[in-house]
Amino acid sequence: MKLFPIRGGIHPDYRKEQTSEKAIVDLPMPSTLYIPLQQHIGAPAEVLVSEGDLVKKGQMIARNQGAVSASQHAPTSGRIRTVTEVTAPHPSGLPQSTIVLESDGKDEWAELLAPIADPFAADMHTINDRVAQSGIVGMGGAAFPSAIKLNLGEQKKLDTLLLNGAECEPYLTCDDRVMREFPEEIIDGARIMAHALGTARIVIGIEQNKPQAIENMTKAASAFAEIEVVGVPVQYPMGSERHLVQAITGLETPARKLTADLGIVVHNVSTARAVHHAVRFGRPLVSRVVTVSGNAIREPKNIMTPIGARIADLIEFCGGFASRPESVVNGGPMMGQPLASLEAPVVKGTSGILALTAEEINDNPTTPCIRCSSCVTICPCGLSPVDMAAHIRKDKLELAAKLGVMDCFSCGSCSFICPSHIPLVHYFNYAKGVLNDLERERNKNERVKTLAEARNIRLEKAAEAKRAALAARKTPSATTSAGNENEAKTTATTEEKVNA
Amino acid sequence: MWIAIGSLTTMGLVLGGLLGLAARFLAVQENPLEEELKEMLPGSQCGQCGYVGCSQYAAALAKGEASVTLCTPGGKATIEALAKKLGVTADLSEHEEKGPEHAFIVEDLCIGCTRCIRECSTDAIMGANKLMHTIIVDVCHGCGKCVKVCPTDAILMVPVPVTLRNWHWPKPQIEQTHSEPKVGHAH
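So the protein lines, in turn, are chains U and C. Under my numbering, think of the first position of the first sequence as 1, with each following residue one higher. Under my numbering, think of the first position of the second sequence as 1, with each following residue one higher.
Some hints here could point you the wrong way.
Derived pair list, reagent style EDC-like, types lysine to aspartate or glutamate, alpha-carbon separation capped at 20 Å [to be verified]:
id, chain 1, residue 1, chain 2, residue 2
1, C, K84, U, E439
2, U, K394, C, E80
3, C, K84, U, E316
4, C, K76, U, D437
5, C, K76, U, E359
6, U, K449, U, D437
7, U, K22, U, E316
8, U, K449, C, E39
9, U, K16, U, E359
10, U, K449, C, E101
11, U, K394, U, D437
Bear in mind the hints are in silico, worked out from the structure with no lab data behind them. On a predicted model such as this, the values are computed, not experimentally measured, just so you know.
Given only the sequences and the hints, what does the whole structure look like? Please build it.
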């Protein structure tokens, strides 16, 4: 298959060998699990259980609400201890509403939804409903509810389902391992998704530094003519959906548009596996593979983890810290975020936990920009990081927005390449945060305006009605019928007066 | 006949054109700035700026009689937008940046008098006579009018909490590693 070049990008030291040969192992069930109501983009799920309830594995404990949301299921059987605020796996360390589940050690499955006997005969709604009921979200990291993405076939003309197995972030090997160990499940899930989307073609993009995964996936896909497994060049950020689409089709997704506008829907390989489980066995998404790596970890591993296990549980299972970690990162080293607390739980979008030593982190002091333009050359979005950062430094955020800071997806290539160690991507994250704040404030002011106007209209109407009633009462009436006539007349005249 | 039709048509076109031009160039100038400024204000008529309502404040701004920093509910975003429109630099030193706030009713103190409900310009207070009231936080824009009318001081203004939804990274503080330029003395 002919591939197309993508703009810019970098070639960091991949350091995947720490875990790439480590087969997936199950985490011993922790005694307590913490299941946040919000593990996805959109609205938090609505709690269905209360303190003391006994639940079985796979039982729905929080239901999706609103247009964009995902439900949560019990990752094991046990008793609900409480629903409370628990530290989120987030750099701020802020708390979020979380269901605390005490495991009973039996790990008993609840009565699950019946498998869909022949998914290729079922209509798209049956499959999408099942995906929604199973709480499946994109497992590459963004955690967007998958059922909504599978509905795109209704609104747009689609031709290709692109499965993302690029896994371009250094250290991470969870998708690699899933592709090596469960290729048939991924292929089956992908075929079901393609059926729901109505796409004839399936392309699976895997970076060439995973030859074993490419081999196993090709073997599993060989029976199906519509599936093509493609080895894509090793180039960060190949795993970004827009860039993977460009590498495969040569088409660039316009700013503020979706890849679906080009007829392509991208899903992660692990998401396809979750769809397979939901459709074929009725099993909701209650566990995922997490890579625990970094030089500060004693025994790096790929761990099949129930959702809600504390990050500290995973690190303990890996033998704890070999040395003091300088930073513990949630996700990959490029786009991942530092964790404020190890007490935070693993969620559906957690792909890796990295404990990095000081040598693995670039914390060199920032020196002045030498205007080498390396950041401009490597920016995969074609932006000009040096100019945007200069504006942001002077708090001229609108100028930065004009240069396209909102189109930056924080891949971190510019910070990586900068010889002066300027924290470029930090500037952009800050600017995007402030610009989003201002946008929210503007939206709120708009809403306040509509509400205030609506109230004024209501008050005016009420005052008018009062005047009319008053005028009607003042008019003397001989008989009831005459009175009624008079009242009607007076009301009319009063109204006319008011209108005039 | 053709001459008559032709001359009348020409006259019609010329006079029509003149009228059109007159309407365009001799139009009474309303101050469009006032209208634009009014659009930028929240429009809740809270009166915290010291004027009766948003239109009056907009009029004063257009005349250059008022400072751009008076709108409390609009916050920093509104101040900056107004300053940009008027081409002035906003003096934020006078503006006390408290961050967004919303009203909060201390339920133990509320006597259910409905005075705050009547005062609220965005219908952000729920309640009825002799029943406890509460604030719909999503709709409250923090004008503080309800605080003034409450007979039992049951309403407080509290900062909008930082949550996972509105948290963002702070501005990076980079160390200034380059040394101060040395001023050479000429001898």
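Quick rundown of the hints versus the structure:
For the hint pairing K84 of chain C with E439 of chain U, the CA-to-CA distance comes to about 17 Å; that is within 20 Å, so the pair holds. A threshold of 20 Å between alpha carbons decides the hint, and for K394 of chain U with E80 of chain C the separation of about 15 Å falls inside it, so the pair holds. For the proposed pair K84 of chain C and E316 of chain U, the alpha carbon gap of about 55 Å is over 20 Å, so the pair is violated. The straight-line distance between the Cα atoms of K76 of chain C and D437 of chain U is roughly 11 Å, inside the 20 Å bound, and the hint therefore holds.
A threshold of 20 Å between alpha carbons decides the hint, and for K76 of chain C with E359 of chain U the separation of about 42 Å lies outside it, so the pair is violated. The suggested pairing of K449 of chain U with D437 of chain U holds, with an alpha-carbon distance near 18 Å, which does not exceed 20 Å. A distance of roughly 17 Å separates the Cα atoms of K22 of chain U and E316 of chain U; the hinted pair therefore holds under the 20 Å criterion. For the hint linking K449 of chain U to E39 of chain C, the alpha-carbon distance of about 9 Å falls within 20 Å, and the restraint holds.
Simply put, K16 of chain U and E359 of chain U have alpha-carbon atoms about 17 Å apart, close enough for the 20 Å limit, and the pair holds. Restraint check for K449 of chain U and E101 of chain C: the C-alpha separation of about 17 Å stays at or below 20 Å, so the hint holds. As the CA atoms of K394 of chain U and D437 of chain U are separated by approximately 18 Å, the hinted pair is consistent with the 20 Å bound.
Of the hints listed earlier, those the structure fails to meet are numbers 3 and 5, in rising order.
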